[in-house]
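Residue numbers (my numbering), protein chains in the order written: chain R, 1 to 347; chain H, 1 to 323; chain B, 1 to 297.
Be careful, since some hints might not be right.
Listed below are the simulated DSBU-like cross-link pairs for lysine-lysine, each with C-alpha atoms no more than 35 Å apart in a straight line [to be verified]:
1. R:K261 x H:K263
2. H:K263 x R:K321
3. H:K136 x R:K44
4. H:K243 x R:K261
Part of the chain B face toward chain R, derived, beta carbon under 8 Å [to be verified]:
5. S198
6. G212
7. N213
Calculated from the structure, these hints are not laboratory results. Don't be surprised by glycine CBs; every beta carbon is placed ideally from N, CA and C.
Single-letter residue listing:
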Amino acid sequence: MSASNTLSIAPSLADVGGPAQPLITARDLTCHFPVRSGTFAPKKVVRAVDGIDFTIRKGETLGVVGESGCGKSTTARLLIGLVPVTGGKIIYDGQELGADLSLRNLRRGVQMVFQDSFASLNPRLTIEETIAFGPKVNGVPQAEALAIARDLLDRIGLDPARFAGRYPHELSGGQRQRVNIGRALAMRPRLLILDEAVSALDKSVEAQVLNLLDDLRRDFDLTYMFISHDLNVVRFISDRLMVMYLGEIVEVGPAEALYHKQAHPYTAALFAAMPSMDPDARTQVPPLAGDPPNPIDPPSGCRFHTRCPQASAVCGMTRPKVTTLGPGHQVACHLHDPNSGHPEATT
Amino acid sequence: MTALVEIEDLTVRFSGERTVHAINGVSLSVAKGEVLALLGESGSGKSVTLKSIMQLLPGRRTQIGGRIRFDGRDVLALKGRALADFRGRDVAMIFQDPSLALDPVYSIGTQIAETVIRHEGVSRVAARSRALDMLKRVRIPSAERRLDNYPHEMSGGMRQRAMIALALACGPRLLLADEPTTALDATVQMQVLLLLRELQQEMDMSVIFVTHDIGVAVEIADRVAVMYAGTIVETGTISQIIKDPRHPYTKGLLAANLHGAVKGSRLDAIPGAPPTLEEPPTSCPFAPRCPSALPVCREARPPLVNRGPGRAVACVLEQEPAI
Amino acid sequence: MTFTTTPASVVIEVPAAPTVSYWAGVWHRLRRDPAALICAAILLALIFSATFAPWLGFADPYTGSMINRLKPIGTEGHILGTDELGRDMLSRLIYGGRLTLFLGITPVVTAFVIGTTLGLIAGYVGGWINALIMRVTDVFFAFPSVLLAIAISGALGAGIVNSLVSLTIVFIPPITRVAESVTASVRKLDYVDAARASGAGNFTIVRVQVLGNVLGPIFVYATSLTSVCMIISAGLSFLGLGVKPPEPEWGLMLNTLRTAIYINPWVAALPGMMIFITSLCLNLLSDGLRSAMNVRQ
Numbered sequence: 001m002s003a004s005n006t007l008s009i010a011p012s013l014a015d016v017g018g019p020a021q022p023l024i025t026a027r028d029l030t031c032h033f034p035v036r037s038g039t040f041a042p043k044k045v046v047r048a049v050d051g052i053d054f055t056i057r058k059g060e061t062l063g064v065v066g067e068s069g070c071g072k073s074t075t076a077r078l079l080i081g082l083v084p085v086t087g088g089k090i091i092y093d094g095q096e097l098g099a100d101l102s103l104r105n106l107r108r109g110v111q112m113v114f115q116d117s118f119a120s121l122n123p124r125l126t127i128e129e130t131i132a133f134g135p136k137v138n139g140v141p142q143a144e145a146l147a148i149a150r151d152l153l154d155r156i157g158l159d160p161a162r163f164a165g166r167y168p169h170e171l172s173g174g175q176r177q178r179v180n181i182g183r184a185l186a187m188r189p190r191l192l193i194l195d196e197a198v199s200a201l202d203k204s205v206e207a208q209v210l211n212l213l214d215d216l217r218r219d220f221d222l223t224y225m226f227i228s229h230d231l232n233v234v235r236f237i238s239d240r241l242m243v244m245y246l247g248e249i250v251e252v253g254p255a256e257a258l259y260h261k262q263a264h265p266y267t268a269a270l271f272a273a274m275p276s277m278d279p280d281a282r283t284q285v286p287p288l289a290g291d292p293p294n295p296i297d298p299p300s301g302c303r304f305h306t307r308c309p310q311a312s313a314v315c316g317m318t319r320p321k322v323t324t325l326g327p328g329h330q331v332a333c334h335l336h337d338p339n340s341g342h343p344e345a346t347t
Numbered sequence: 001m002t003a004l005v006e007i008e009d010l011t012v013r014f015s016g017e018r019t020v021h022a023i024n025g026v027s028l029s030v031a032k033g034e035v036l037a038l039l040g041e042s043g044s045g046k047s048v049t050l051k052s053i054m055q056l057l058p059g060r061r062t063q064i065g066g067r068i069r070f071d072g073r074d075v076l077a078l079k080g081r082a083l084a085d086f087r088g089r090d091v092a093m094i095f096q097d098p099s100l101a102l103d104p105v106y107s108i109g110t111q112i113a114e115t116v117i118r119h120e121g122v123s124r125v126a127a128r129s130r131a132l133d134m135l136k137r138v139r140i141p142s143a144e145r146r147l148d149n150y151p152h153e154m155s156g157g158m159r160q161r162a163m164i165a166l167a168l169a170c171g172p173r174l175l176l177a178d179e180p181t182t183a184l185d186a187t188v189q190m191q192v193l194l195l196l197r198e199l200q201q202e203m204d205m206s207v208i209f210v211t212h213d214i215g216v217a218v219e220i221a222d223r224v225a226v227m228y229a230g231t232i233v234e235t236g237t238i239s240q241i242i243k244d245p246r247h248p249y250t251k252g253l254l255a256a257n258l259h260g261a262v263k264g265s266r267l268d269a270i271p272g273a274p275p276t277l278e279e280p281p282t283s284c285p286f287a288p289r290c291p292s293a294l295p296v297c298r299e300a301r302p303p304l305v306n307r308g309p310g311r312a313v314a315c316v317l318e319q320e321p322a323i
Numbered sequence: 001m002t003f004t005t006t007p008a009s010v011v012i013e014v015p016a017a018p019t020v021s022y023w024a025g026v027w028h029r030l031r032r033d034p035a036a037l038i039c040a041a042i043l044l045a046l047i048f049s050a051t052f053a054p055w056l057g058f059a060d061p062y063t064g065s066m067i068n069r070l071k072p073i074g075t076e077g078h079i080l081g082t083d084e085l086g087r088d089m090l091s092r093l094i095y096g097g098r099l100t101l102f103l104g105i106t107p108v109v110t111a112f113v114i115g116t117t118l119g120l121i122a123g124y125v126g127g128w129i130n131a132l133i134m135r136v137t138d139v140f141f142a143f144p145s146v147l148l149a150i151a152i153s154g155a156l157g158a159g160i161v162n163s164l165v166s167l168t169i170v171f172i173p174p175i176t177r178v179a180e181s182v183t184a185s186v187r188k189l190d191y192v193d194a195a196r197a198s199g200a201g202n203f204t205i206v207r208v209q210v211l212g213n214v215l216g217p218i219f220v221y222a223t224s225l226t227s228v229c230m231i232i233s234a235g236l237s238f239l240g241l242g243v244k245p246p247e248p249e250w251g252l253m254l255n256t257l258r259t260a261i262y263i264n265p266w267v268a269a270l271p272g273m274m275i276f277i278t279s280l281c282l283n284l285l286s287d288g289l290r291s292a293m294n295v296r297q
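Next up, chain R with everything else stripped away, as it sits in the complex (with noise of 0.2 Å):
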């Protein structure tokens, strides 16, 4: 069933390139905010995310994981605009941001849903208006925009009738994360972010989102950037994981080979860090030991020589290049890299 052709606007942003050409690419991506503890103390910077490169496919899903402070959620904002890039590129489907591409062309093929799904919400707002707001900003009639609404809240299982005059708060946690992902969609983007957007809700409701997010995907022909810190959600709905600390990223591959084997030190703590769901083979030992360091300040080298087990002195000197280890699996680590001089690297 293609349902999406009952929609009266077709996707904002045609193809361009093929299939073959990622959707985004983002090279030497760089956001740094100025932070300030007092009027007179010196400016310092927080390293939010620092020189990334990374691809997402069409039509794929890519999962991003990490800790507090990894960066996960700055990315996200720099790939729609809601915050500024301080350095590098970001090219939509062959076309580069500020070059080819204007910021409101970009929003109009990116579109991201919040963690917090009433603060995303306006309390003043029907749920029918909060919806139809994208269309008409982008000069779709008042009543085209509603009937867009109306279609939208059909397709992400509320019934027009009864909710399309409701308000935020008339809602449950579930609706109001299908609200949101319904917003989202009326401005008919390609890429889809989803900033831990089922992270918030109970376990029962967030399996009826998911199966909803895998519908719309099929019948909108989407593709998803799923943010989260629970690996076995990521493992469930990602084709591609991407691994981050502390702005950086550590490391990429296919979810299922990354969820049996992890190449980097980091990415096998966090794995190593899920319950065991076995009451007789809990977890003894802590897969690392203390918190994720400050971004104001990240250590020198590879900046998860702090915490890595497998450290040594190289570790806490350079910074670890980028490896590939297999078709599309890449890992920055001095482990992986024969010349990195590391003891125990792979030769």
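Chain R is already provided as a structure; the job is to place chains H and B on it using the hints.
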């Protein structure tokens, strides 16, 4: 094993703009040295159960029924000085958000020492050395220096450890944990869970651990009580719950955890949402969402069917003799 | 046993109350607040009697007779007694309400419009524009509001228009500050980000997404300022900087009657009582509005 905490037919109702029947007849017991996990989704009444043991519910808007006994004493009758002694010395509580327990204007060392002095009347020097000892026991690195730190000077995981040190300073016999690891990063969550498990065994405490995450319950609990709509739908050891769930809701929760779910498969989601509890349930509260509901489920509350010691399921399907 | 997969279009949802609009909800909650309702009734009665005073058949507030000076409360023909010139107190209090309420409400309404605009700009745009607007506001904050009003009125000279101007200037800074902080907190919310992400311009975002969520709190705050404004304007008249005799105005009446405080204290206190009751009602009403407008109860 003797029971340290016994809850009998607890009911809690909040009145106000909307009446909410938060707890509708909960009975459970926790043995000495046992870790019981209260597992449920938001609104299931797990936190309210915990708070009623501590008498932390807003008095004027809350009607509590039933009985809570701690070591034979009637907890709900405690007042004034007796209640203050009960909180902190016999029972301590830790939270998801450490800022609920830690005072931002005092250093960690001072807060722990004050608590010890209030409950045990020891000297300031002895109290401070106890504070140092506690910080070491929760594995805070360079504990001497950390004694004089204020909560805002610590990282999230460290604050959580400091809160645990404060809660355990007077050696409580019962620890109430309200989702203490939910807001933490995955790697830090596992550190804190393992720490709690060690301390529980060292101090031989009983723990009631509230969580929405089955994975966390597996790592810490001996026994689990699954809550839904202010009632307990199933209790059993953690192995029984994981390996042989009986109640349809427990089965649905386990499936929704997605452990081992493979990409591309369809999730067996529990449809719908929990009831709002404006009225106390008169039938099985899960029946509207239950895939195996029978007409009888909509007529009366299901009986609590006992299936061996410490094992009970509130479901009519359990009643029929196995054929 | 498996759970049947629900199609996305079938959702068993929480039985929610039938949809009510925001203002209907506010009214519903306000109706259950007896204090706010009584205050609203008193204020409405005051405004009504002040507005329609000439048609309600009261005595002339300007003419009195020297024989009937300072009659006590309950005198035949003068229920609330007479003032130092023998004028009917009831009539003067009712007529006095016209000027007093006008002087109390107009500056706040004007300051509400100007302050909200400034605060919205400062809070939404941020950066150096915010710094400029808010630092200028801080300069005005350095003076106590009564002192500032007296200083400006003194510089401009006595008169109704001048006291309106000075009171407006006094109330712009506090409203700006509240508007700025409310706007800045709304601006950080995800729904504003979502609106930006849909490509909406700043003006549209402020109009559709921000304004509706900030006007309520600013309005409530302004309501509470009205009582302060009445008291200060009464104070200005008391000092001879506002309304001139023989115009009836509560502050001025309080001033001229103060000589009679030993002879007939109850009558002398009446204008003060009126100021007290009105400002108390305004404060309680704004409290009631504040809690009724809080959606997330």
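Classify the hint on N213 of chain B as holds or violated, based on whether any CB of chain R lies nearer than 8 Å to its CB.
For N213 of chain B, the interface hint holds, since the closest Cβ of chain R sits about 6 Å away, which is under 8 Å.
Regarding the hint that S198 of chain B lies at the interface with chain R, is the smallest CB-CB distance below 8 Å?
Holds, about 4 Å.
Proposed proximity, K44 of chain R with K136 of chain H (alpha carbon, max 35 Å):
Within the cut-off at roughly 33 Å; holds.
For the pair we were handed, K243 of chain H and K261 of chain R, check the Cα-Cα distance against 35 Å.
Distance ~26 Å between K243 of chain H and K261 of chain R Cα, so the pair holds.
What's the verdict on K263 of chain H and K321 of chain R, does the C-alpha distance respect the 35 Å limit or exceed it?
holds, 31 Å
Interface hint compliance - G212 of chain B to chain R, C-beta minimum distance less than 8 Å
Because about 4 Å separates G212 of chain B from the closest Cβ in chain R, which is inside the 8 Å limit, the hint holds.
With the threshold set at 35 Å, check whether the alpha-carbon distance from K261 of chain R to K263 of chain H stays at or below it.
Within the cut-off at roughly 17 Å; holds.
Every hint, counting from the list given before, is met by this structure.
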